Each structure stands twice: as structure tokens, then as C-alpha cells.
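Colleague: Each chain, written out:
Protein chains: 2
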Amino acid sequence: MKIIKSVARMQSLSMQKRTEGKRIALVPTMGFFHAGHISLMTYARKRCDLLVVSIFVNPMQFGPSGDFERYPRDLKRDRVMAEKAGVDVLFCTSAQDMYPPGFQTHVEVERLTQPLCGQSRPGHFRGVTTVVTKLFNIVQPHEAVFGLKDYQQWLAIRRMAGDLNMAVKVTGRPIVREKDGLAMSSRNTYLSPAERKAALGLQQSLSMAKYLVRKGEKSPKRIKKTIKELITSYNSAKIEIEYVSFCHPETLDERDIIKDKTLLAIAARVGKTRLIDNCLLSPGE
Amino acid sequence: MKIIKSVARMQSLSMQKRTEGKRIALVPTMGFFHAGHISLMTYARKRCDLLVVSIFVNPMQFGPSGDFERYPRDLKRDRVMAEKAGVDVLFCTSAQDMYPPGFQTHVEVERLTQPLCGQSRPGHFRGVTTVVTKLFNIVQPHEAVFGLKDYQQWLAIRRMAGDLNMAVKVTGRPIVREKDGLAMSSRNTYLSPAERKAALGLQQSLSMAKYLVRKGEKSPKRIKKTIKELITSYNSAKIEIEYVSFCHPETLDERDIIKDKTLLAIAARVGKTRLIDNCLLSPGE
Chain F
2 MKIIKSVARM QSLSMQKRTE GKRIALVPTM GFFHAGHISL MTYARKRCDL
52 LVVSIFVNPM QFGPSGDFER YPRDLKRDRV MAEKAGVDVL FCTSAQDMYP
102 PGFQTHVEVE RLTQPLCGQS RPGHFRGVTT VVTKLFNIVQ PHEAVFGLKD
152 YQQWLAIRRM AGDLNMAVKV TGRPIVREKD GLAMSSRNTY LSPAERKAAL
202 GLQQSLSMAK YLVRKGEKSP KRIKKTIKEL ITSYNSAKIE IEYVSFCHPE
252 TLDERDIIKD KTLLAIAARV GKTRLIDNCL LSPGE
Chain U
2 MKIIKSVARM QSLSMQKRTE GKRIALVPTM GFFHAGHISL MTYARKRCDL
52 LVVSIFVNPM QFGPSGDFER YPRDLKRDRV MAEKAGVDVL FCTSAQDMYP
102 PGFQTHVEVE RLTQPLCGQS RPGHFRGVTT VVTKLFNIVQ PHEAVFGLKD
152 YQQWLAIRRM AGDLNMAVKV TGRPIVREKD GLAMSSRNTY LSPAERKAAL
202 GLQQSLSMAK YLVRKGEKSP KRIKKTIKEL ITSYNSAKIE IEYVSFCHPE
252 TLDERDIIKD KTLLAIAARV GKTRLIDNCL LSPGE
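So the sequences go chain by chain: F and U. Under the numbering used here, the first residue of the first sequence carries the number 2, and numbering increases by one thereafter. Under the numbering used here, the first residue of the second sequence carries the number 2, and numbering increases by one thereafter.
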């Protein structure tokens, strides 16, 4: 496995591989790998000749909360895990190389980034779509693989790639969960044991909603009420719901009634840690 | 010469040529060719295997003034001229194909698009950088060639390509002028004979400024005064200056004193037609 730190070297390697007719796949990450990342790598590994995994904790997508400085990093561990997953190139770039002095260009997806996480994280998706555009241009992948825990992010990136005619297939892969159901996230390491328990409320809410919909419930309002009760009753540690949204899985428009396939997306703060989770509800299945 | 109307067909042709190791050049235009366009094609012709010229009057970069509907079009004539200039592919795309329903992504260069034409044409450069990103992704050129009459546009596009790591060389080529000095522009066809005469005021202002700087004048303020006098005294038809700017040729920051290489950029309305022109001032040369 090669470790490349320079943007220019990464881009010229990709260009060379392209001319050789090789198929390139990219898994963009912020590092601190967990089984979710590894599942993306394993999936991508089978679908390309050159598997590039990028690690970049992108300052542009963080708010002023200090989450950027706090974000966990462990390159040594990541290296071992990537090598084991069959990665060809670990592209570890730096903010200096990605945002040299004078940098002033942004890519923005408008409507899809407004609701859900867009409400509480202004500028976040703009930072994501900008850095992903850069990574696509540098690594020149035929396919890029993202985790569906960040469903809205995946949707925005897929929209961006389509709108801007990027020749990249944007693939979303299922959420990987801990044994008890908690969605894997690098931010889970922030949780105290009590918070870790409380965090299960998110996944339990999804299960509850699925159950209710299977039983014929069609009202987002009633399900939301149940979910809020469940979360607050179940947990002793502080868990604060940011949003519970029942929305169209392509447009993210809020649904009044659950008749067709619906995305249920949840965000909550558990202590100081912001967690998200989601699932698709398919009434009548 | 091939005429391609579909985005998908253009992109797949470019991909094929790329795999064959061919060098692609793109001249993005809005059609209604004049000698300025032809000079870009002639330049690009020598530097590539596949010369693509795009014609697209991009609704997104026009304001609500009706200039978009009014913009001159003559595909029949453009075809003949392009063929003669050795163009391989004339890519004539449509707004439906470029902006399908649900389109919502934009590319924006921030600081460079604020001054000069950015002041009177809000959203213009955002429309330009978005469509050029799309054209770059569709045509996948190694080099794209622009005219320097639209100096600010060229600067913004070059900045965008650099900031987003697009693997495209963005080349700017000198302004081509009519015999009497008027900068070539498709919009010149709008001018009445009296307006056509008045329009010469722009180029005369540039000449005057060059003369004054050669004589040792360093004050933008004093040169501006002379230019305004020259323009208003010389012309009987209505000509209204929008801006006269002496600025840094890379950052477009306004200059207080002309010591180093300086861009002089002018915009004016002649009747209903908005014209621009510019030159580089090199004191001490």
C-alpha cells in the first residue's frame, strides 16, 4: 500500500492509471476507521483496479464549535486497517495543500442541503461538496463509495455529480451497526458509558417506527410523539433530539403521511456529541 | 466536422478519445462567431488532436434584462466558420439537456467575481463558472481557451480550475479588434451606426491611459478624469460609463497608484448595449 500526501502526486498517479485503462475507486473518509469504513473499502475493492482511500479531516465542513480540533485521528491504526482491507493508495492530504492561500471557490447543492442537518450546520454541506469535488478531480475515480449513515450527504453528492456531469458513479452503502444496533461512527468514541447507552435511543426509535408503520400507522406526527417519549423515558443520560424527519427519500421534502417509501432521519445530541441515524420506511412491504 | 447535440454523446466521445490518448481542446462560446472566436479556434487547433467548440447561450449567466432572448444566434453561419477553422466537433447543447428538472448545483468563485462586472451583473459569474464546470466535465479537455476581452471571466475560471484541482489548462488569448480598434464582440451587432462610432470611446480610453502612463502618470484618479472627459466630449450618441477600474491583474484589487503592472478595465452602456474592454498597463516599459 502506497501512502501519498501530495495532491499533485496523487493526481498524476491517477492520470497515469487512467491512461493505462485501469478502473479507479475512491472511498473518501475523515479517517479513524471503523467497520463501516471497512465495509466501503471491501465493497470498492472488488469493483476496481486501483482502490484509493482518502483521509482528510476537512476544516471547511466543520462549524466553529471546536468539533474539528476534537475529531479523533489515528493514522497509524488507519494504515494497518486499510492495508488489511486491500487498499492500494492511502491519500492523506493536508489543509495547506487542499486550500492554498487565495482559495475562494465553492460548490453548493441548494435545496437538498437545506433541511435536516443543513438546519443546524450552516456551511457544512458546502464544505463537503467542495472537498468532494476536489477529491474527484484529484483522484479521478470511476466510482466513489459513501456510507448511508450520512444519507443527506450521499444524496447531495449524488445530485452534485449528476448536475455537474461528473463522470463518477456515486454509490451509497448500507449503515454498519454495532452488535446492539448503534450506527458505527467515529464520533462514538466521544461517548461516556452512560451516553453510549442513551445513544441506543436513536436506533430504537427507528425500530419502533418501522414496527408502527408495519402495523399500518401512517401519521408522522403520531410516530414522532412515540419516538420522543421512547427516547426521553428510556434514557437517564442527557439526550436531546435535534430533528426527527419523515421525508421523501429523493427530495427530502417533509411528508404529511407515510404512504410511499419514506426516509426517517434522526439527529440528536447525546451529551456534547451529535449523532445521526436513519432508515427507509416501506409501508405495505 | 461532427455536430453533437446530446450531452451524453459528447461525454462518451470525449471519454473514448481520452482512452485513445488523444489531446482534447475546448473553446466554449455562445456562438455568433467573429474573428475573436476564430482566433481562439486557430490557436487551439494546433495544440490538440480533437478540437471541440461548444455553442451554448447559457440562460443562467444572463440577468432578467431580456439580453438572453435578444442575444444573436446564427448556427448556420457558425457551422461554416467552424468547419473552415478546422473544428472537429461543434457541441451545440440545449438548456433542457444542461439543466434538467431538479437541477440545483452551483460553482462559485468568491472574491474575484465581486468587483467590476460582478457589481452590475449579480449571479452572472456564478452562471459562468457553473456552466464551464459542466462543459469541462462533459468535454474533458486538456486545455480550454478563452478570450481576454472577458478578462475577469478568464481570471475567475482559471481560479476555479486551480481551486477545484480540475486537470484543465485554462488559457487566455489576446483581444481581437476591428480595424478601428473596437474589441470584437457578438454584441457589436446591436449597435446603430452612431452607437458604433461612440463605442470607439472605450478603446480610445485605453490608448489614452497607456499614453499617459508611458508619460509617467501614476494616478488612477487623474487618468479616470481624462477618460471620462474624452468619452463624453468625443461622442454624440449616448454612452454611459459603468466603471473604469485600475486594478491588480491577478486579484482585481483596486490600485491607488500605478507602479506595477495594472489592469485597466472599462464597461459602458452605448444605447442599450453593454460593452467591455481592457488592457494591461505596464509602467516603465
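Calculated directly from the structure, the hints in this document are not laboratory data. Note that the structure is predicted; figures quoted are calculated from it, not measured. Don't take each hint at face value.
Said to hold, decoys possible - With the Cβ distance kept under 7 Å, some of the chain U side facing chain F (calculated, not the full set):
1) Phe104
2) Asn138
3) Leu165
What the hints assert, rightly or not - With the Cβ distance kept under 8 Å, some of the chain U side facing chain F (calculated, not the full set):
4) Met16
5) Gln17
6) Thr20
7) Asp50
8) Gln105
9) Leu113
10) Met167
11) Ala168
12) Thr172
13) Lys216
14) Glu218
In this text, a Cβ means the ideal position worked out from N, Cα and C, and glycines have one as well.
Colleague: Holds or violated: is there a CB of chain F closer than 8 Å to the CB of Met167/U?
Modeller: At about 5 Å, which falls below the 8 Å cut-off, the nearest Cβ of chain F leaves the hint on Met167/U intact, so it holds.
Colleague: Using 8 Å as the Cβ threshold, decide whether Gln17/U counts as touching chain F.
Modeller: Hint violated; Gln17/U Cβ to chain F Cβ min 12 Å, cut 8 Å.
Colleague: Was the hint right that Lys216/U lines chain F, CB cutoff 8 Å?
Modeller: 34 Å, violated
Colleague: Classify the hint on Glu218/U as holds or violated, based on whether any CB of chain F lies nearer than 8 Å to its CB.
Modeller: 30 Å, violated
Colleague: Quick one, is the Asn138/U hint okay against chain F at 7 Å, beta carbons?
Modeller: Holds - the Cβ of Asn138/U comes within 7 Å of chain F, reaching about 4 Å at its closest.
Colleague: With a cut-off of 8 Å on the beta carbons, see whether Ala168/U makes it to chain F.
Modeller: Cβ of Ala168/U sits 7 Å from chain F, so the hint holds.
Colleague: Does Leu113/U pass the interface check with chain F, least Cβ-Cβ distance below 8 Å?
Modeller: 7 Å, holds
Colleague: Does the CB of Phe104/U sit less than 7 Å away from some CB of chain F?
Modeller: With a closest approach of 5 Å, the Phe104/U hint holds.
Colleague: Does the closest beta carbon of chain F sit nearer than 8 Å to the beta carbon of Thr20/U?
Modeller: 6 Å, holds
Colleague: Does the nearest C-beta of chain F fall within a distance shorter than 8 Å of the C-beta of Thr172/U?
Modeller: Violated, because the Cβ-Cβ distance from Thr172/U to chain F comes to roughly 18 Å (cut-off 8 Å).
Colleague: Minimum Cβ distance from Met16/U to chain F below 8 Å?
Modeller: 7 Å, holds
Colleague: Should the hint that Gln105/U touches chain F count as held when the rule is a Cβ pair under 8 Å?
Modeller: 4 Å, holds
Hint compliance for this structure: hints 5, 7, 12, 13 and 14 are broken, all remaining hints hold.
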